[in-house]
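S.K.: Sequence:
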Amino acid sequence: MISDSSRPDQHVGQLAFPISAIRQLATTSARLQLKAFLILAQTISACSTSARKQDDLRQLAARSARWTARVPDLSNQTARDNISSRSDQFQLVVHLFGGPFNPT
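Numbering (our numbering), first residue to last: 8 to 111.
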């Protein structure tokens with residue numbers, strides 16, 4: 008049996024372990040528990056970040072749908088059509104380049 012000369016042995020069941028070995032085992036166990044906790048925390052953080060990103064993408068898609076719903080359908084316009092009013096010109100620019108447009 009290996010013993011620590013400065014400390015008495017601790018008896019666990021029928022075996023005797025030096026205090027230094029018990030401390031080292033406890034330290035190793037604590038480190039492993041800390042590593043496991045950090046991995047779990049990072050996983051939870053990544054999942055919540057992913058959920059936030061998905062929620063942000065849903066909100067962006069909803070806003071984009073509202074923007075495109077405001078743009079008039081100019082698909083029946085041809086190059087020969089007379090676009091006379093300033094409002095029609097702005098609507099055409101929005102149609103060509105995309106983006107929100109609210110003339111009111």
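Please keep in mind that the hints were generated in silico from the structure rather than gathered at the bench.
Hints are supplied without guarantee of correctness; some may be wrong.
As the list claims (entries may be wrong) - Label pairs and their calculated CB-CB ranges:
1) Leu-41 / Val-100: 52 to 60 Å
2) Gln-40 / Leu-64: 56 to 64 Å
3) Gln-66 / Leu-41: 34 to 42 Å
4) Ala-53 / Ile-29: 30 to 38 Å
5) Ala-58 / Leu-32: 34 to 42 Å
6) Leu-103 / Gln-49: 44 to 52 Å
7) Ala-72 / Thr-50: 29 to 37 Å
8) Leu-41 / Leu-103: 28 to 36 Å
9) Ser-71 / Thr-34: 32 to 40 Å
10) Val-100 / Leu-67: 51 to 59 Å
11) Ser-36 / Arg-70: 44 to 52 Å
12) Gln-66 / Val-100: 24 to 32 Å
13) Ala-72 / Leu-32: 32 to 40 Å
14) Ala-33 / Cys-54: 49 to 57 Å
Values in this document were obtained by computation on a predicted structure and should not be read as measured data.
All residues carry an ideal CB built from backbone N, CA and C; glycine is no exception.
S.K.: If a hint holds in the structure, say so; if it does not, say that too.
M.R.: Verification of the hints:
{"no.": "1", "hint": "Leu-41 / Val-100: 52 to 60 Å", "in the structure": "holds (59 Å)"}
{"no.": "2", "hint": "Gln-40 / Leu-64: 56 to 64 Å", "in the structure": "violated (36 Å)"}
{"no.": "3", "hint": "Gln-66 / Leu-41: 34 to 42 Å", "in the structure": "holds (37 Å)"}
{"no.": "4", "hint": "Ala-53 / Ile-29: 30 to 38 Å", "in the structure": "holds (36 Å)"}
{"no.": "5", "hint": "Ala-58 / Leu-32: 34 to 42 Å", "in the structure": "holds (39 Å)"}
{"no.": "6", "hint": "Leu-103 / Gln-49: 44 to 52 Å", "in the structure": "holds (45 Å)"}
{"no.": "7", "hint": "Ala-72 / Thr-50: 29 to 37 Å", "in the structure": "holds (33 Å)"}
{"no.": "8", "hint": "Leu-41 / Leu-103: 28 to 36 Å", "in the structure": "violated (58 Å)"}
{"no.": "9", "hint": "Ser-71 / Thr-34: 32 to 40 Å", "in the structure": "violated (55 Å)"}
{"no.": "10", "hint": "Val-100 / Leu-67: 51 to 59 Å", "in the structure": "violated (22 Å)"}
{"no.": "11", "hint": "Ser-36 / Arg-70: 44 to 52 Å", "in the structure": "holds (51 Å)"}
{"no.": "12", "hint": "Gln-66 / Val-100: 24 to 32 Å", "in the structure": "holds (26 Å)"}
{"no.": "13", "hint": "Ala-72 / Leu-32: 32 to 40 Å", "in the structure": "violated (60 Å)"}
{"no.": "14", "hint": "Ala-33 / Cys-54: 49 to 57 Å", "in the structure": "violated (32 Å)"}
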